[in-house]
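Student: Each protein sequence line maps, in turn, to chains A and B.
Read in order, the letters of the first sequence correspond to residues 1 to 443 in our numbering.
Read in order, the letters of the second sequence correspond to residues 444 to 567 in our numbering.
In short, the hints are calculated from the structure, not lab data.
Please note: incorrect hints may appear among the correct ones.
Unchecked claim - Computed far set for chain B versus chain A, every beta-carbon distance over 12 Å:
#, residue
1, Asp450
2, Glu471
3, Phe474
4, Phe476
5, Ile501
6, Pro504
7, Ser507
8, Lys518
9, Pro553
10, Ile566
Said to hold, decoys possible - Listed below are the simulated DSBU-like cross-link pairs for lysine-lysine, each with C-alpha atoms no more than 35 Å apart in a straight line:
#, chain 1, residue 1, chain 2, residue 2
11, A, Lys236, B, Lys468
12, A, Lys368, B, Lys453
13, A, Lys236, B, Lys542
14, B, Lys445, A, Lys261
15, A, Lys261, B, Lys562
16, A, Lys236, B, Lys465
17, B, Lys453, A, Lys348
18, A, Lys238, B, Lys445
19, B, Lys560, A, Lys238
20, B, Lys453, A, Lys194
21, A, Lys387, A, Lys349
22, A, Lys304, B, Lys465
23, B, Lys445, A, Lys313
24, A, Lys350, A, Lys370
25, A, Lys238, B, Lys453
26, A, Lys172, A, Lys368
27, A, Lys23, A, Lys135
28, A, Lys268, B, Lys453
29, B, Lys453, A, Lys349
30, A, Lys250, B, Lys453
31, A, Lys400, A, Lys387
32, B, Lys562, A, Lys238
33, B, Lys518, A, Lys349
34, B, Lys518, A, Lys247
35, A, Lys261, B, Lys518
36, A, Lys348, B, Lys468
37, B, Lys468, A, Lys247
38, A, Lys304, B, Lys516
39, A, Lys350, B, Lys516
Just so you know, even glycine gets a beta-carbon here, dropped at the ideal spot from N, CA and C.
Listed here are the chains, written in short residue letters.
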Amino acid sequence: MIVLFGYLRNNLQTKTLYPQWDKIIFGGLLLSVALLIIVTTIKSSQVITPWIAHAMFFVIIYLSLTRKEFKPTISIVYAIIPLVAINFLEDVVRLISINFFNNWEDYFKTAGIFASIWLVAMLIINRKQRKALEKERLKTAEKDKEVKITESLKEALEVQVAERTQALTLQKEELQHTLNELNATQSQLIQSEKMASLGELTAGIAHEIQNPLNFVNNFSEVNAELIDELTQELEKGKIEEAIAIAKDIKDNEQKINHHGKRADAIVKGMLQHSRSSTGIKEPTNINELADEYLRLAYHGLRAKDKTFNASMKTDFDVSIGTINIIPQDIGRVVLNLITNAFYAVTDKKKNLPEGTIYDPVVTVSTKKEKGKIKIKVHDNGNGIPSKVIDKIFQPFFTTKPTGQGTGLGLSMSYDIVTKGHGGELKVDTKEGVYTEFVIILPL
Amino acid sequence: MKILVVDDEKDVQVLFEQRFRKEIKTGEMEFVFAFSGEEALAYLNSHEHEAVLILSDINMPGMSGLELLGHIKQKYLKPPPVVMMITAYGDAENFNTAKRLGADDFLTKPVDFTLLKEKLKTIH
Numbered sequence: 001m002i003v004l005f006g007y008l009r010n011n012l013q014t015k016t017l018y019p020q021w022d023k024i025i026f027g028g029l030l031l032s033v034a035l036l037i038i039v040t041t042i043k044s045s046q047v048i049t050p051w052i053a054h055a056m057f058f059v060i061i062y063l064s065l066t067r068k069e070f071k072p073t074i075s076i077v078y079a080i081i082p083l084v085a086i087n088f089l090e091d092v093v094r095l096i097s098i099n100f101f102n103n104w105e106d107y108f109k110t111a112g113i114f115a116s117i118w119l120v121a122m123l124i125i126n127r128k129q130r131k132a133l134e135k136e137r138l139k140t141a142e143k144d145k146e147v148k149i150t151e152s153l154k155e156a157l158e159v160q161v162a163e164r165t166q167a168l169t170l171q172k173e174e175l176q177h178t179l180n181e182l183n184a185t186q187s188q189l190i191q192s193e194k195m196a197s198l199g200e201l202t203a204g205i206a207h208e209i210q211n212p213l214n215f216v217n218n219f220s221e222v223n224a225e226l227i228d229e230l231t232q233e234l235e236k237g238k239i240e241e242a243i244a245i246a247k248d249i250k251d252n253e254q255k256i257n258h259h260g261k262r263a264d265a266i267v268k269g270m271l272q273h274s275r276s277s278t279g280i281k282e283p284t285n286i287n288e289l290a291d292e293y294l295r296l297a298y299h300g301l302r303a304k305d306k307t308f309n310a311s312m313k314t315d316f317d318v319s320i321g322t323i324n325i326i327p328q329d330i331g332r333v334v335l336n337l338i339t340n341a342f343y344a345v346t347d348k349k350k351n352l353p354e355g356t357i358y359d360p361v362v363t364v365s366t367k368k369e370k371g372k373i374k375i376k377v378h379d380n381g382n383g384i385p386s387k388v389i390d391k392i393f394q395p396f397f398t399t400k401p402t403g404q405g406t407g408l409g410l411s412m413s414y415d416i417v418t419k420g421h422g423g424e425l426k427v428d429t430k431e432g433v434y435t436e437f438v439i440i441l442p443l
Numbered sequence: 444m445k446i447l448v449v450d451d452e453k454d455v456q457v458l459f460e461q462r463f464r465k466e467i468k469t470g471e472m473e474f475v476f477a478f479s480g481e482e483a484l485a486y487l488n489s490h491e492h493e494a495v496l497i498l499s500d501i502n503m504p505g506m507s508g509l510e511l512l513g514h515i516k517q518k519y520l521k522p523p524p525v526v527m528m529i530t531a532y533g534d535a536e537n538f539n540t541a542k543r544l545g546a547d548d549f550l551t552k553p554v555d556f557t558l559l560k561e562k563l564k565t566i567h
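Using the sequences plus the hints, can you model the full thing?
Tutor: In structure tokens:
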């Protein structure tokens, strides 16, 4: 009994969990201690004490079976039930008929032994189960610990990830900023490339405008004179002479008009060249465009370098008519290729030993072929060395001395032809003999 | 007086013919035109001593006016004809080169025809 109460207290941890029950159990413990003392000291009490003990056992068993709080003790209760029941039965039988009891005492003793064995066995099993449970609990605790560690690691990782993300975002912003700057620089470079080619053109443009303007001035002066003569002839009554003069005046007028338009076209072309591209494709006479830029480039170089001398040849396919292109952009490509061609022949001539016969020729030709338009710019210059041929379309690649070329001409040309017009820009060259660039445009 | 005019602009012919219509009519002057340095040289080679004056544009595709001048003054049979240079660029470098190569006179575009007529008359 004492052991049982002690066990109950321990097992149920009543002290902390159920203080009311703790008091009752503690009371039971004291009571059973008292009963033990009474039983051992006062012989006559043996008649009553077992009944008190039985009552206490029944209460405990009843509570264990019905009360939620006592559930953990159920295995112990199962263990003691047989012993309690046999003891109770023994006492009851003894009380009712001592004879019967005496006859059956051995059976009761045997049953008591079996009940005791049962109790011990149950206790051992219970102990084992408890140990297993304890192990399980330890394992669970271990697992909890691990989970906690994992969680703390996870948190640490999350913090790190947040930090890294922040750093990456910053880097991304910096890169975006740099990219924007690069884009701005690129457009500046493109603009300066345009201006550089415009600079190359300036002298050519001046020459090309000066000539028609001279004609306009000269022919209008002639006409002024002719009108005076016309008046004189009319005064003299020479009608036929007057009619002849009038016809000349009319012819001159046409010349004035023609040259005025010529100058106008050149100015427009120049403006178109310096203006940023409209990006709009429009029907353009590619032959006129190529011819205009050939003349501008030629006169531009001639004006800059007095010793410059080259023949320009054209071979235009008149069946082309107009094609849909962005005239400013293709004009820029054609100009760039022609300027390069003139540069190549000039370079070759400069470096040839004196007395060598060399006739520098730049040829621009157009051809309609298999639904495509080919614009060829051919020069008999020094060609392109095979070791640099792969680099010529790369931005900033130039063979010209520092400050003379931006290295953007061909790369821009390549982009305009391929990306802007879905065409191809090809090069064919033989070192020391010729270079030929071909713009191939789909119709 | 036969005058060879060299210029790559074809309308120069019409202009000269109209400007000098009176002189042409009276037979005082006769004009021949060439539209490139090469053409001018070919004409001079086939019509030796006929042209007495050459007016040349400096800025021409192919053989430039200055090259033509060099050819005429150095290789042409004596006496070399009078050569007047005309150019759109009145810069010192062209002027000096033309003078060094033996140009007799130097005019800039646009041509002042009144002045040109006076100059031609003094040569005559």
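Student: Against each hint, give a clear statement of whether it holds in the structure.
Tutor: Evaluated hints:
For aspartate 450(B), the shortest C-beta to C-beta distance to chain A comes to about 9 Å, within the 12 Å cut-off, and the non-interface label is violated. Taking the minimum C-beta to C-beta distance to chain A, about 17 Å, the non-interface status of glutamate 471(B) holds against the 12 Å cut. Here phenylalanine 474(B) stays apart from chain A, with its beta-carbon at least about 15 Å from theirs, past the 12 Å limit. Its beta-carbon lying about 15 Å from the closest one in chain A, phenylalanine 476(B) satisfies the requirement of being farther than 12 Å from that chain.
Here isoleucine 501(B) does not stay apart from chain A, with its beta-carbon only about 8 Å from theirs, under the 12 Å limit. Residue-level check failed: proline 504(B) sits 6 Å from the nearest beta carbon of chain A, not beyond 12 Å. The Cβ of serine 507(B) sits about 6 Å from the closest Cβ of chain A, inside the 12 Å cut-off, so the non-interface label is violated. At roughly 16 Å, the least C-beta separation between lysine 518(B) and chain A is larger than 12 Å, which holds for a residue marked as non-interface.
The claim that proline 553(B) is not at the interface with chain A is violated, since a C-beta of that chain comes within 12 Å of its own (minimum 4 Å). For isoleucine 566(B), the non-interface assignment is confirmed: its Cβ lies about 21 Å from the closest Cβ of chain A, beyond the 12 Å cut-off. Between the alpha carbons of lysine 236(A) and lysine 468(B) the distance comes to roughly 19 Å, so the proposed pair stays at or under 35 Å and holds. For the hint linking lysine 368(A) to lysine 453(B), the alpha-carbon distance of about 30 Å falls within 35 Å, and the restraint holds.
A C-alpha spacing of about 48 Å is found between lysine 236(A) and lysine 542(B), which places the hinted pair above 35 Å, so the restraint is violated. At most 35 Å may separate the alpha-carbon atoms for a hinted pair to count; lysine 445(B) and lysine 261(A) meet this at roughly 33 Å. Under the criterion of a C-alpha separation no larger than 35 Å, the hint pairing lysine 261(A) with lysine 562(B) is consistent with the structure, at around 33 Å. As the CA atoms of lysine 236(A) and lysine 465(B) are separated by approximately 18 Å, the hinted pair is consistent with the 35 Å bound.
Only pairs whose Cα atoms come within 35 Å are accepted, and lysine 453(B) paired with lysine 348(A) is accepted, the gap being roughly 31 Å. Taking the CA atoms of lysine 238(A) and lysine 445(B), the gap is about 31 Å. The hint holds against a cut of 35 Å. Using a Cα cut-off of 35 Å, the hinted pair lysine 560(B) and lysine 238(A) holds, with the two alpha carbons roughly 27 Å apart. Distance hint between lysine 453(B) and lysine 194(A) is fulfilled; the C-alpha atoms sit about 32 Å from each other, no more than 35 Å.
The straight-line distance between the Cα atoms of lysine 387(A) and lysine 349(A) is roughly 22 Å, inside the 35 Å bound, and the hint therefore holds. Pair hint lysine 304(A) plus lysine 465(B) does not hold up; C-alpha atoms about 39 Å apart against a cutoff of 35 Å. For the hint pairing lysine 445(B) with lysine 313(A), the CA-to-CA distance comes to about 32 Å; that is within 35 Å, so the pair holds. Taken as a hint, the lysine 350(A) and lysine 370(A) pair is broken in the structure, with Cα atoms around 40 Å apart against an allowance of 35 Å.
A distance of roughly 32 Å separates the Cα atoms of lysine 238(A) and lysine 453(B); the hinted pair therefore holds under the 35 Å criterion. For the given pair, lysine 172(A) sits about 49 Å from lysine 368(A) by alpha-carbon distance, which is inconsistent with the 35 Å threshold. Proximity of lysine 23(A) to lysine 135(A) is assessed by CA-CA distance (about 31 Å); at most 35 Å being required, the pair is judged to hold. Distance hint between lysine 268(A) and lysine 453(B) is fulfilled; the C-alpha atoms sit about 23 Å from each other, no more than 35 Å.
Taking the CA atoms of lysine 453(B) and lysine 349(A), the gap is about 29 Å. The hint holds against a cut of 35 Å. Among the hinted pairs, lysine 250(A) with lysine 453(B) is consistent with the structure: their alpha-carbon atoms are about 18 Å apart, no more than 35 Å. Restraint check for lysine 400(A) and lysine 387(A): satisfied, since their Cα atoms lie roughly 16 Å apart, inside the 35 Å limit. A threshold of 35 Å between alpha carbons decides the hint, and for lysine 562(B) with lysine 238(A) the separation of about 33 Å falls inside it, so the pair holds.
Pair hint lysine 518(B) plus lysine 349(A) holds up; C-alpha atoms about 23 Å apart against a cutoff of 35 Å. A threshold of 35 Å between alpha carbons decides the hint, and for lysine 518(B) with lysine 247(A) the separation of about 43 Å lies outside it, so the pair is violated. Of the supplied pair hints, the one linking lysine 261(A) and lysine 518(B) is violated, its CA atoms being roughly 41 Å apart against a limit of 35 Å. Straight-line distance between C-alpha atoms of lysine 348(A) and lysine 468(B) comes to about 50 Å, which puts the hinted pair past the 35 Å bound.
Proximity of lysine 468(B) to lysine 247(A) is assessed by CA-CA distance (about 17 Å); at most 35 Å being required, the pair is judged to hold. For a cut-off of 35 Å, the pair hint linking lysine 304(A) to lysine 516(B) stands: about 25 Å separates their Cα positions. Only pairs whose Cα atoms come within 35 Å are accepted, and lysine 350(A) paired with lysine 516(B) is accepted, the gap being roughly 24 Å.
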